[in-house]
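Construct all of the structure, not just a fragment, from the sequences and the given hints.
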Amino acid sequence: TGRREPFFRLIAGLTGLFFQFGMGRSRRHSRHGVAPNVNADDESAPEELLVGPICADGEAEIPRPRMFMWDFGQCDAKRCTGRRLAKLGLVRELRTAQPCHGVVLTPRATTSISYADCPVAEASGVGVVDCSWAQLDKVPFNRLKSGRERLLPFLIAANPVNYGKPLKLTCAEALGAALYILRRKEEAKTVLSHFSWGPGFLVLNRGLLDSYAACE
-19 TGRREPFFRL IAGLTGLFFQ FGMGRSRRHS RHGVAPNVNA DDESAPEELL VGPICADGEA
41 EIPRPRMFMW DFGQCDAKRC TGRRLAKLGL VRELRTAQPC HGVVLTPRAT TSISYADCPV
101 AEASGVGVVD CSWAQLDKVP FNRLKSGRER LLPFLIAANP VNYGKPLKLT CAEALGAALY
161 ILRRKEEAKT VLSHFSWGPG FLVLNRGLLD SYAACE
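In the working numbering, the protein residues as written are -19 to 196.
Keep in mind the hints are simulated off the structure, nothing from the lab.
Don't take every hint at face value.
Said to hold, decoys possible - What follows is a set of in silico ranges between Cβ atoms, one per label pair, in the way DEER data are often shown:
#1 R186 x A96: 30 to 40 Å
#2 E73 x R44: 10 to 20 Å
#3 E166 x P99: 13 to 23 Å
#4 S191 x E102: 20 to 30 Å
#5 A194 x K58: 35 to 45 Å
To be verified - List time: in silico SDA-like cross-link candidates among lysine to any residue, alpha-carbon distance up to 25 Å:
#6 K165 x L188
#7 K165 x A96
#8 K58 x L68
#9 K58 x G69
#10 K67 x G105
#11 K67 x Q78
#12 K165 x P140
#13 K58 x K145
#14 K165 x H81
#15 K67 x A103
#16 K165 x S104
#17 K169 x A193
#18 K169 x G105
#19 K67 x S104
#20 K67 x K169
#21 K169 x A194
#22 K169 x R128
#23 K165 x V183
#24 K145 x L188
#25 K165 x P146
#26 K169 x R186
#27 K58 x H81
#28 K145 x A103
Keep in mind the model is a prediction, meaning the values are calculated, not measured.
Note that CB positions come from ideal geometry on N, CA and C, so glycine has one too.
Next up, the structure:
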């Protein structure tokens, strides 16, 4: 465990540098704690590519830890991955004033999510913000009542709009990644299975996710 901590901190540091010098244009935020909707900048993306098929009976097995989402209504509801998960009963939507006492993925965090966060996640859930990449500066992060704030480490998007782009994840990808790092791999697969491109996210990031999950 001791040997893995420097590696994990190095990855988190490199991710921060990537945003600071490569992509951080919006108030110099690190954006990898946020999961804006995949279609934020592409109105032409077909809905079936963005959300994919649902299971035959229209219902889904609810994974644990519980999952929560603040939705700021910046995205097309028909294409929103977070709302798809909420419709399936996998994610609970929160109002701005409602707290999430669990692990919350946010750019305000200074520490990356790891298996050490599992007890908090199991007890109080995992939270994410659903917003648009194009309107990130309009999200009142300071008003959100977060529990244990965490960043997602460096990962590659597999959604059809931002495929291959570092860190531009959907809510589904962000939650799937968090569950995988918390060593809840089956739950991660369940979340991503409701999107035609979802399983490809795990394939694309398998090596990174396994390394992150191995860190304490």
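Each hint, compared with the structure:
The beta-carbon spacing between R186 and A96, approximately 22 Å, falls outside the hinted interval of 30 to 40 Å. Remark: the range hint 10 to 20 Å for E73 to R44 is upheld by a beta-carbon distance near 18 Å. Between E166 and P99, the C-beta spacing of about 19 Å keeps the proposed range 13 to 23 Å intact. Between S191 and E102 the beta carbon distance is about 22 Å. The supplied range of 20 to 30 Å therefore holds.
Take A194 and K58: their Cβ atoms lie about 38 Å apart, and the range 35 to 45 Å holds. Taken as a hint, the K165 and L188 pair is honoured in the structure, with Cα atoms around 14 Å apart against an allowance of 25 Å. Restraint check for K165 and A96: satisfied, since their Cα atoms lie roughly 16 Å apart, inside the 25 Å limit. For the given pair, K58 sits about 14 Å from L68 by alpha-carbon distance, which is consistent with the 25 Å threshold.
Taking the CA atoms of K58 and G69, the gap is near 16 Å; set against the 25 Å cutoff, the hint holds. With a C-alpha separation of about 18 Å, the suggested pairing of K67 with G105 holds against the 25 Å cut-off. Straight-line distance between C-alpha atoms of K67 and Q78 comes to about 19 Å, which keeps the hinted pair within the 25 Å bound. Distance check on the hinted pair: K165 and P140 sit about 23 Å apart at the alpha-carbon level, within 25 Å; holds.
A distance of roughly 23 Å separates the Cα atoms of K58 and K145; the hinted pair therefore holds under the 25 Å criterion. Proximity of K165 to H81 is assessed by CA-CA distance (about 22 Å); at most 25 Å being required, the pair is judged to hold. Only pairs whose Cα atoms come within 25 Å are accepted, and K67 paired with A103 is accepted, the gap being roughly 23 Å. Note on K165 and S104: the hinted pairing holds, with a Cα-Cα distance of about 18 Å set against a maximum of 25 Å.
Annotation: proposed proximity of K169 to A193 holds, straight-line Cα distance about 15 Å (limit 25 Å). As the CA atoms of K169 and G105 are separated by approximately 17 Å, the hinted pair is consistent with the 25 Å bound. About 21 Å separates the Cα atoms of K67 and S104, which keeps this hinted pair within 25 Å; it holds. The hinted pair formed by K67 and K169 meets the criterion: a straight-line CA distance of about 18 Å does not exceed 25 Å.
Pair hint K169 plus A194 holds up; C-alpha atoms about 18 Å apart against a cutoff of 25 Å. Taking the CA atoms of K169 and R128, the gap is about 24 Å. The hint holds against a cut of 25 Å. Under the criterion of a C-alpha separation no larger than 25 Å, the hint pairing K165 with V183 is consistent with the structure, at around 12 Å. Between the alpha carbons of K145 and L188 the distance comes to roughly 15 Å, so the proposed pair stays at or under 25 Å and holds.
The suggested pairing of K165 with P146 holds, with an alpha-carbon distance near 21 Å, which does not exceed 25 Å. Simply put, K169 and R186 have alpha-carbon atoms about 12 Å apart, close enough for the 25 Å limit, and the pair holds. With a C-alpha separation of about 29 Å, the suggested pair K58 and H81 falls outside the 25 Å cut-off, and the hint is violated. Using a Cα cut-off of 25 Å, the hinted pair K145 and A103 is violated, with the two alpha carbons roughly 33 Å apart.
The structure does not agree with the numbered hints 1, 27 and 28 stated previously, though it agrees with the rest.
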